[in-house]
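From first to last, the protein sequence lines are chains A and B.
So the first sequence is numbered by the working numbering: it starts at 91 and just counts up by one.
So the second sequence is numbered by the working numbering: it starts at 9 and just counts up by one.
Careful, some of the hints might be misleading.
Dumping the calculated DMTMM-like pairs for lysine to aspartate or glutamate here, alpha-carbon to alpha-carbon at most 25 Å [what the hints assert, rightly or not]:
#1 A:Lys120 <-> A:Asp300
#2 A:Lys120 <-> A:Glu267
#3 A:Lys120 <-> A:Asp154
#4 B:Lys369 <-> A:Asp175
#5 A:Lys104 <-> B:Asp69
#6 B:Lys91 <-> B:Asp69
Honestly, the hints are just simulated from the structure, not real lab data.
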Amino acid sequence: MGHIIAGGVSWSVKGHRLLDSIDMVAQAGKTVGLLGPNGSGKSTLLRLLAGLRRPDAGTVRYDDTSLRDLSRRMLARRLAVVEQDVSAHNHVNVRQVVELGRTPFRGRFDALTGHDRRVVDAALERVDIADKQDQSWNTLSGGEKQRAQLARALAQEPREILLDEPTNHLDIRHQLELLDLLRSLDITCVIALHDLNLAVRYCDHVVILDHGMVVAAGIPEAVLTPDLIESVYGVNVLVDREPTTDILRVTYLAATPPRRPSRKAIHLDPR
Amino acid sequence: MSMNPKRTAGRVEDPINGVETVPARLRYASTAALFAVAAAGLLVSVVVASLFGSANIGPLDVLSTILRHVGLGGIAPTPPLPKLLDALVWESRFPRVLLAATVGAALAVCGAVLQAVTRNPLADPYLLGVSSGASTGAVAVLLLGVGGGISLSTGAFAGGLVSFAVLLALLGGGRVASPSRVVLTGVLVSQFFAALTSVILMISGTANSTRGFTYWLLGALSGARWEVVTVTAAIVLIGVLAIQFLAPALDAFTFGWDSATALGINVTAARIWLIVLTSIITAAAVASSGAIGFIGLLVPHAVRILTSPMHRSLLPLSAVIGAVFLIWVDTFARVAFTPHEIPAGVITALLGAPAFALVLKRLES
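The following block holds chain A by itself, in its conformation from the complex:
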């Protein structure tokens, strides 16, 4: 596990600034939540952290190495990315999907080694999908696809992992299992999340994005105040502690009427 540091990262598309001087740190082994409404720049920031897009300004560093000094292959040996809603163009089966995770370790003509197979087996077991490994990817449910992608990411034996709304298609049980699993691993995680209550329970640190800027960062309990949630999400909330578990609880009351008619949210496709 290693730490990820973004310093002054900005990114624009066609003159629209989608990210503006983002500073953030993911400490080694910690789980960091990226929060914010749709279009706030969560997915874009994850793409820049992953080196899939090059920032216009600023740097991303893994431990003490700048992303620019890491080759794609070397980066893929330490960093795994789980995207949202990916689709396959051919009929791969689940095991073959997970085996793709070994790509950065395999030579061009190498067969999978015994070690590769053991890593793949372990990854399949970890996400509880080993019994479907021979099934075609296209026949899986949304939640199973998400877990198969996570298994593929684990097969990369990453030190850091970036996940874009990984709980999206999961039922409640698998949401909790996935986040428990991520926490139990010795991997630095940066997770874009929508559910504030899951963020409170599972994140060591949260970064709140709004219109491409960091508006708050810190431990969830300190950051997620009713005022902040109202100003970022436009929702009136009640924040209290759940009496039996004593965990912070966010209860959504009502959407507030729009207060910022002058600032239009930018909904450009970041791709």
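Using the hints provided, position chain B relative to the given structure of chain A.
Only chain B this time, still in chain A's reference frame:
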């Protein structure tokens, strides 16, 4: 998990839509076995297909003639044939069989690659218009003297590359277009270049134009001569081997360009190499035999269903099975309706169109 797949005799019944998939371990073993069988089948096919033709020459005589010409005369089982029959086997039938094998392998591999590069199971050099572009290039050089003395193959390569560039430009560069859009755009490109080829053939108006017309537009192997075979085979062999280097990238394309990049693949470089290599291979195939369609669709899909969609094994298997396939299609095309000879491209289209419908159905499921 909730539903356990039903296992019956090594195959798994998919509980959701009944699609059968073969367990991974079984596939690894069967892939190697299938490759061995297919490679043996190719060697046998090359000799056996050379038996067919108007003159009746015995199997051992054909084998002996081939062995004698490749420097293995010592183990030839029968005495030499008369000069005329020897030439018939060695100068006509055998190069034609080898050309069929070469072109079949080339088109099958190009189909597999194009399907991954466009992320579209309906891609094929013929359906995407690359073959038509190569035809136009070849015909332009041949009949109009465009390019001032460049070779037919170079013209075909330029034409293939231009049509591919047009296709990608119409599809919007790096974005992933929907399968139907890729296919419709391919139809557009292919019709346009086919029309250009027709115009060139019509206005050139030489004595050969009628014959050339069917030859370039339908695809046939009747032009097989040793000079053609050796050049084509050399280009195809080098191209196919180079593509094999990019098999990991082709696999990584399964979930798109970002996903492949995150697996450590240099996507831009890999795609450019793959497009250039497929254009060169398609051009070599088209320069020798015109635009033969659907092999790039039929063969890779059959191999995927039989073994695995992963390219380390898919590419070599497609090459060998594509070679065997076109050998037999062409043998059928030249002997089934003697004295008439049908262009091989007509037979592949007859077989390919229903296969296209099947792939379309599978895609929608």
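For each hint, the structure was consulted:
1. The hinted pair formed by A:Lys120 and A:Asp300 meets the criterion: a straight-line CA distance of about 23 Å does not exceed 25 Å.
2. About 17 Å separates the Cα atoms of A:Lys120 and A:Glu267, which keeps this hinted pair within 25 Å; it holds.
3. At most 25 Å may separate the alpha-carbon atoms for a hinted pair to count; A:Lys120 and A:Asp154 meet this at roughly 17 Å.
4. A hinted pair counts as satisfied when its Cα atoms are at most 25 Å apart, and B:Lys369 with A:Asp175 qualifies at roughly 23 Å.
5. A distance of roughly 72 Å separates the Cα atoms of A:Lys104 and B:Asp69; the hinted pair therefore is violated under the 25 Å criterion.
6. With a C-alpha separation of about 13 Å, the suggested pairing of B:Lys91 with B:Asp69 holds against the 25 Å cut-off.
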